[in-house]
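Chemist: Modelling step: build the complete structure from the supplied sequences, incorporating the hints.
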Amino acid sequence: MIDAKVLERHGLKADEYERIVAFMGREPNLTELGIFSVMWSEHCSYKSSRVHLKTLPTEGPQVLQGPGENAGAVDVGEGLAAVFKIESHNHPSFIEPYQGAATGVGGIIRDIFTMGARPIALLNSLRFGSLDAPGTARLVEGVVAGIAGYGNSIGIPTIGGEVVFEPSYAGNPLVNVFCLGIAKASDIIKGVASGVGNAVYYVGAKTGRDGIHGATMASAEFDEKSAEKRPAVQVGDPFMEKLLLEACLEVMQTDALIGIQDMGAAGLTCSTTEMGSRGGAGVEIDVSLVPQRETGMTPYEIMLSESQERMLLVAKPGREAEVERIFEKWDLHAVKIGHVTSDGMLRVKENGVVVAEIPNRALTDEAPLYRRPMTEPGYLRDVTLLDLDALSRDGQKALPEQNAALLAILASPTVASKRWVYRQYDHMVRTNTINLPGLGAGVVRIKGTDRALAMSLDGNGRYCYLDPRRGAMLAVAEAARNVACSGALPLAATNCLNFGNPERPAIMWQLAKAVEGIGEACRALNVPITGGNVSLYNETDGKAIYPTPTIGVVGLLEHADRVVGRRFQEAGDVIILLGEGRGELGGSEYLNVVHGVVRGVPPALNLDAEHSLQLLLVALATDQMMRSAHDCSDGGIAVTLAECCFGTNGIGAEVSIAGVQVGRGPAVNVAAALFGESASRVVVSAVPEDVTRVLERAAAAGVPAAVIGQTGGSQLRIAVGGAIVIDQSVDDAERLWSGAIERYFVKRVA
Amino acid sequence: MRARVFVTLKPSVFDPQGKVIADALHSLGYDGVADVRQGKYFELELSAADAATARTLAAEVADKVLANPVIESYRIEVD
Amino acid sequence: MRARVFVTLKPSVFDPQGKVIADALHSLGYDGVADVRQGKYFELELSAADAATARTLAAEVADKVLANPVIESYRIEVD
Amino acid sequence: MKFGIVVFPGSNCDEDALHAARDLFGQEADYLWHKDTDLKGADVLILPGGFAHGDYLRTGAMARFSPIMAPVRAFAERGGPVLGICNGFQILLESGLLPGAMLRNRSLKYRCEHVHVRVEQNDTPFSSAASVGQVLRIPIGHGEGNYFAPSDMLERIETNRQVILRYTDAAGRLDDHSNPNGSVNAIAAICNEQRNVVGMMPHPERACEALLGGVDGRVIFESILRAVERPALQVAGRSR
Ligand SMILES: Nc1ncnc2c1ncn2[C@@H]1O[C@H](COP(=O)(O)OP(=O)(O)O)[C@@H](O)[C@H]1O
Ligand SMILES: [Mg+2]
Chain H
8 MIDAKVLERH GLKADEYERI VAFMGREPNL TELGIFSVMW SEHCSYKSSR
58 VHLKTLPTEG PQVLQGPGEN AGAVDVGEGL AAVFKIESHN HPSFIEPYQG
108 AATGVGGIIR DIFTMGARPI ALLNSLRFGS LDAPGTARLV EGVVAGIAGY
158 GNSIGIPTIG GEVVFEPSYA GNPLVNVFCL GIAKASDIIK GVASGVGNAV
208 YYVGAKTGRD GIHGATMASA EFDEKSAEKR PAVQVGDPFM EKLLLEACLE
258 VMQTDALIGI QDMGAAGLTC STTEMGSRGG AGVEIDVSLV PQRETGMTPY
308 EIMLSESQER MLLVAKPGRE AEVERIFEKW DLHAVKIGHV TSDGMLRVKE
358 NGVVVAEIPN RALTDEAPLY RRPMTEPGYL RDVTLLDLDA LSRDGQKALP
408 EQNAALLAIL ASPTVASKRW VYRQYDHMVR TNTINLPGLG AGVVRIKGTD
458 RALAMSLDGN GRYCYLDPRR GAMLAVAEAA RNVACSGALP LAATNCLNFG
508 NPERPAIMWQ LAKAVEGIGE ACRALNVPIT GGNVSLYNET DGKAIYPTPT
558 IGVVGLLEHA DRVVGRRFQE AGDVIILLGE GRGELGGSEY LNVVHGVVRG
608 VPPALNLDAE HSLQLLLVAL ATDQMMRSAH DCSDGGIAVT LAECCFGTNG
658 IGAEVSIAGV QVGRGPAVNV AAALFGESAS RVVVSAVPED VTRVLERAAA
708 AGVPAAVIGQ TGGSQLRIAV GGAIVIDQSV DDAERLWSGA IERYFVKRVA
Chain R
25 MRARVFVTLK PSVFDPQGKV IADALHSLGY DGVADVRQGK YFELELSAAD
75 AATARTLAAE VADKVLANPV IESYRIEVD
Chain W
25 MRARVFVTLK PSVFDPQGKV IADALHSLGY DGVADVRQGK YFELELSAAD
75 AATARTLAAE VADKVLANPV IESYRIEVD
Chain Z
2 MKFGIVVFPG SNCDEDALHA ARDLFGQEAD YLWHKDTDLK GADVLILPGG
52 FAHGDYLRTG AMARFSPIMA PVRAFAERGG PVLGICNGFQ ILLESGLLPG
102 AMLRNRSLKY RCEHVHVRVE QNDTPFSSAA SVGQVLRIPI GHGEGNYFAP
152 SDMLERIETN RQVILRYTDA AGRLDDHSNP NGSVNAIAAI CNEQRNVVGM
202 MPHPERACEA LLGGVDGRVI FESILRAVER PALQVAGRSR
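Protein chains in written order, with this note's numbering: chain H, 8 to 757; chain R, 25 to 103; chain W, 25 to 103; chain Z, 2 to 241.
What the hints contain is simulated information worked out from the structure, not anything from laboratory work.
Just so you know, even glycine gets a beta-carbon here, dropped at the ideal spot from N, CA and C.
Careful: at least some of the hints might be erroneous.
As the list claims (entries may be wrong) - If we take Cβ atoms under 7 Å as the criterion, some of the chain Z residues that face chain R in the derived model are:
1) Arg59
2) Ala102
3) Leu104
4) Arg105
5) Arg107
6) Leu109
Modeler: What follows is the structure in structure tokens.
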């Protein structure tokens, strides 16, 4: 009955099946096979990535909970913990943009309140194909509406994120969602089942046939056959989740629980197994007791269903009634579906008859673990070559005039204002948001304290495509830098690894190198990894996306009211550049947008210099010496300066920066000075009285710092090596930048 | 027994959804579509003895809950 | 010419709205309402020569814009 | 004085309203659960924003059946001050405590941003501290704030001076571009004929602290404090 076809449908390889049979000492029945298939899927078992993830730094005095639980946690002082995690919902969002993105948000929120934390902020990192390509706008519209529909309804502000448009994501968009919550450090709850005989409760939405094989789907490439997998679509119910959220947090106040876990990927299977193995116990449930939405559901379907908004919890003996009563208050019915056992087994019964019986270990520790072969991809030899002089020489074409180049970059959807996106998100609910989207890192104050938390998601697939190791390091650096720019000290990081098919040695190599880079950067910048998520098989018809690690960094502001934004505050302030430009154009937005070239090596990164810079930023903010701070990333210092002017009602700037020598043509050198993306640079503004002190502080910190100009006027004027090469009306540039994304969406069905 | 309830905005009420859809269709070249009005559609599973009782029940539910009399009107079909 | 398009979630797809409405009706004492499914309802004003053309046009529009084939199915009536 | 903040399942600005009333204005404030049937001696009621019952079916459509709404209605009929913010406004409309109805924003998109509203009337307990013509910068956050009333109803509302706030530009000028949702007559807030029940789409509780980017919402709460301190204002003399 279990033949090659059945195995293929379950995404299990022949040798993996032999492993199962060997372990069980018999042929599994279909229900058991289904359980194995989801638990051994890439999504749940991390079988390809685990050996590499193990190398990441996960410890530090600030870390209260590292990887392994539903989310990580760091100490943010005053007895409080910040609980946060990132999750991908790439495949579901491609199949059904609205519901895929919405249920992604629902899932990450559950991961946070499962830990006993009150979710207070959401971020999202999105990657799509070119906005000009047919279908992209529709996809973007659906994904953004889905994120908004869920987050707005449940009342958690979406305070930041990023959106990138690159052809490589055309057939395989990325939807990474991040949630952060606050808990009393002493109240953090784990997903454990222990205490033989203790009641195992099911609460939340009824179980339907939706999402069956979602976990295995998230572990398989797309192809024209993906259409058949469509019945897997799950529909989110934010109202149910809001009830669950409030009810669970109320129950957790009572200490009547031993453990609790949400049912995410692989639903009931994953939650029962993981809670059991974490508690060194077994869990026995009877599926006939599980609330069902549809009739005639088989044990197989019930165990594999990925219906949303469901929780599994274990109550302390004698406290059951109390738990049930609190859920009833919220019109939720906690149903006892089983109990904890001592035999370390996952035992599934139907009307008392055993239909599946598997040792937890077989599903967790014993799951396959692969050291997949790796080889450096051949394409690198070519794409890393970059002859800047060729840009102007070939076809004798002259470089575009620099003002035109600046406007082109500002109008490119990846750099342009994301207002059209974040305006659809409630980013103010809970009245904590003190750095609104568009001002850099998202910042929320913590009521009842003077403190605030800053957070940023960043990643650069193009850099990682050209050099996964350095690209990943740069992503960690940028996320931490964005946090530091707001005045917050970076505390810890989470990461979402979006890659192609790990069975290809070249992809595996990209993954390994990226993880190496993340590890090295996190160590140097003192932001340990507290958790994350891996999304592999991001390919369509054999074509992989750019390797895309998304990094989320969380930082702490001791004084919320000293938060710093990216915008210039007033005319007459002095503009200071921290760090040095080396005119590095490799993999830059400039090459991509202006020349249609994706080549070269990403900017160099000196982690010690980066760390000193970040500590300096925090010190300057703490002593209230900077009025604005904005890091130089996509588009270089020219774009950064423009963004500092935007949203200020037209405050301009007069700036003069040093020239660089990267090619023979003078135009190329000017372009490199303006648009080069050298790392570890921040544009800061300060009142004239503070300038000397700022420069002294920088010198003391060993951070290069130079006064490069002054705010004022209505033009953005930039001179390179003394000659004015940019002279732009801020209003005109801002109009272009603000409307660049919006214009793709007028006259579209929501 | 099943009742179908159609809730539509009164003709005097501007229908933003219908308008956006109509615009979208025109921009897609469907000029044959002169106008679009969007409404809501409900299928009610009723345990009622006969069509008449079903209709009365559906009407009561529509009046009280499914439609907002200020802006909407409804139609009921029973089978 | 007028076409009416009924868009409903496929039977296997969860309908949270219908569920909440049903719950509300029960708490109001309408136990006669066993189940509620919510859908969308569109009225299209079509400039079409005959019913057949109208139906084809409506179907095309429903496929392209009105319904989401992944989770919804639709029915068309022309008069 | 004491604020009663009504919490429906799905409300999500209840904590924000409580924070404003209690922590920022130093008033007593308590939640009223939608299944409660007494108002715990509240002097003023706030129906906060959110998505009561998920806003499924229609915004505010099911909240009006909650047990708490009977005492709320009675309180309103006695002239007690009731403020509905965003979803709270929608609930007041659905329960008939305020005239009119809400449609989807004409953009069909949820919109969260700061907007400008002009104070049209200050003889209500929620605008008495403001001056007529004053322009406030307050955030909105809604997908269904497109206020509508049939023409005869609208005429009554206007002649009774029941429009409290209108969307305008920063200078207080009406223009379609400054109307974020398509509301008829750019209506952002209205009151009932007795003028003691007010509904507004903007979120004053989100604009009470400089740290959050603005304090123009304070005037709404300052009005309440006045009104309840001097009940004379509460029944607002000039209403006919
Ligand atoms: N998907 C999104 N959701 C919410 N806010 C977003 C999103 N994408 C971008 N933003 C906001 O827009 C601003 C600009 O984004 P980005 O250009 O990535 O910033 P930076 O260049 O500093 O990393 C940031 O404040 C960011 O939080
Ligand atoms: Mg960025």
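Chemist: Please flag the earlier hints that this structure goes against, numbers listed from lowest up.
Modeler: none
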